[in-house]
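First residue of the sequence shown? That's 38 in this note's numbering, and the numbers climb one at a time after it.
Honestly, I wouldn't trust all of these hints.
[As the list claims (entries may be wrong)] Now the in silico label distances, taken between C-beta atoms and shown as ranges:
1) E93 to V145: 20 to 26 Å
2) R59 to I162: 31 to 37 Å
3) Q54 to Q135: 43 to 49 Å
4) R90 to Y146: 21 to 27 Å
5) F61 to S148: 17 to 23 Å
6) A60 to G102: 18 to 24 Å
7) D167 to W144: 34 to 40 Å
8) R129 to R53: 42 to 48 Å
9) G101 to T128: 26 to 32 Å
Read the hints as simulated data drawn from the structure, not as lab findings. Glycine residues also receive a C-beta, built at the ideal position from the N, C-alpha and C atoms.
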Amino acid sequence: MDGVSRNGDGGLPTPRQRRGRRAFADGMAAEQAAIAALRMEGWEILLHRARTRWGEIDLVALRGGCLVFIEVKARPSLLAAGEAIRPSQVTRIMNAAQFLCAANPHWVYDSVRFDVCAVLPGNVIEWIPDAFRQF
38 MDGVSRNGDG GLPTPRQRRG RRAFADGMAA EQAAIAALRM EGWEILLHRA RTRWGEIDLV
98 ALRGGCLVFI EVKARPSLLA AGEAIRPSQV TRIMNAAQFL CAANPHWVYD SVRFDVCAVL
158 PGNVIEWIPD AFRQF
């Protein structure tokens, strides 16, 4: 192959494919920034990109008996990050979390929380602890 990315019909990537690849790369970079921030605060990262039949949870972390399921959003603002999470996604994440807890009986925790980590331009991290309580 000549090193040029191609779509299924042999042409160059479509604008949609380029946007998708960029969004994926931005999301992965945001997750790595969140992992670094969590580790600096003493959290143990149990899982990254945990896939279940209900979908994926970006991060699962544990500290001091608190098990946290974290949705990471790379967005231009905190408002945009919050608006990116729909009620159906909250339900999906909660179902996936329930499955992961059952599948990992060795996890020892006293409480469970669902957080959102918004990674803003310049790798500014805004944390929204217990973000799903209103649902």
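Evaluation of the provided hints:
1. E93 to V145: 20 to 26 Å: holds, 24 Å
2. R59 to I162: 31 to 37 Å: Given a distance of about 20 Å, which is not inside 31 to 37 Å, the answer is violated.
3. Q54 to Q135: 43 to 49 Å: Given about 34 Å between the Cβ atoms, the range is violated.
4. R90 to Y146: 21 to 27 Å: holds, 23 Å
5. F61 to S148: 17 to 23 Å: violated, 32 Å
6. A60 to G102: 18 to 24 Å: violated, 35 Å
7. D167 to W144: 34 to 40 Å: Violated: the Cβ-Cβ distance is about 19 Å, outside 34 to 40 Å.
8. R129 to R53: 42 to 48 Å: violated, 24 Å
9. G101 to T128: 26 to 32 Å: holds, 28 Å
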